[in-house]
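Chains H and L, in that order, are what the protein sequence lines are.
Going by this note's numbering, the first sequence opens with residue 18, and the numbers climb by one from there.
Going by this note's numbering, the second sequence opens with residue 177, and the numbers climb by one from there.
It should be emphasised that the hints constitute simulated quantities derived from the structure, not laboratory data.
This list has only true hints and no planted wrong ones.
Label-pair ranges, simulated between beta-carbon atoms:
1) L/P238 to H/E121: 43 to 53 Å
2) H/E121 to L/F300: 47 to 57 Å
3) L/T196 to H/G150: 41 to 51 Å
4) L/V186 to H/V95: 45 to 55 Å
5) L/A271 to H/H111: 26 to 36 Å
6) L/L220 to H/R29: 42 to 52 Å
Think of the CB as a built atom: it goes at the ideal place given N, C-alpha and C, for glycine as much as any other residue.
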Amino acid sequence: MISDRTPPARNRPLSPHLGIYRWQIGNSLSILHRLTGVALAFGLLALSYWLISIAGGEQSYRAAERAFASPAGMVVLVGWTFAFLYHLLNGMRHLFWDIGLGFERRQRHASGWLAVLGALVLTACVWALLWHGGRL
Amino acid sequence: MSLRSPLGQVLGTGSAKDGTAHWWAQRLSAVALIPLTLWFLFSLLLLPELDYVTVRTWLAVPMSGFLAMLLVVVLTYHAYLGTNVVVEDYVHAHAAKLFLLLSLRFVYVLCGGAGIFAIMRIAFGS
Chain H
18 MISDRTPPAR
28 NRPLSPHLGI
38 YRWQIGNSLS
48 ILHRLTGVAL
58 AFGLLALSYW
68 LISIAGGEQS
78 YRAAERAFAS
88 PAGMVVLVGW
98 TFAFLYHLLN
108 GMRHLFWDIG
118 LGFERRQRHA
128 SGWLAVLGAL
138 VLTACVWALL
148 WHGGRL
Chain L
177 MSLRSPLGQV
187 LGTGSAKDGT
197 AHWWAQRLSA
207 VALIPLTLWF
217 LFSLLLLPEL
227 DYVTVRTWLA
237 VPMSGFLAML
247 LVVVLTYHAY
257 LGTNVVVEDY
267 VHAHAAKLFL
277 LLSLRFVYVL
287 CGGAGIFAIM
297 RIAFGS
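Construct the complete structure from the given sequences, taking the supplied hints into account.
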């Protein structure tokens, strides 16, 4: 607390040092993990709104449905689907690292690409299923 | 002889104040969210329609309401832990950081509380 009030003698760089990294798959995916996490946190608002609209009755559910089915709503929903699936797959990558697995360079790169491509493919699958079922 | 200050000795914490608790909470909530979020996604995909009657009937089943409540609680907690780290890492101005960290708590409690209350209304039919 005290250090926050007294100005530092020198302006030392603060972590994380975003400016000094060469862009590569490792740090790109790490940043994407944070971005998707923040996007999904905003998704909580939509989830609560959706639940409230169900509790409110048919009228309010229809209004929510219209909002989600609008062009902007669909773009955001597809974005959240990808964000969720990527955050899920890449989060599992992190959990494997936490128990000491998958640290080799080849494993890291393979699992990284698997997370990105897997999320893209699964997003397409989810929306194909919704589209095919005529539930949109 | 200890080199730590008397205040530091009394508080008994290191410079980070809370050590590994945050790290563990984030990982445990992440593990819990794997089955919970997949249950939610698959449930929605397996419903024949996404109209009002179908969705409400599904959520009114006790097990759906229970799992949906757990989902909202753990999701809110995990998001709270995650966005806290993001704010701490990228917002350097002291006042702005404090304001964001505190207002995020209010938003999460409001948003999560509203979601849980909605599920309870559906479950108990009011």
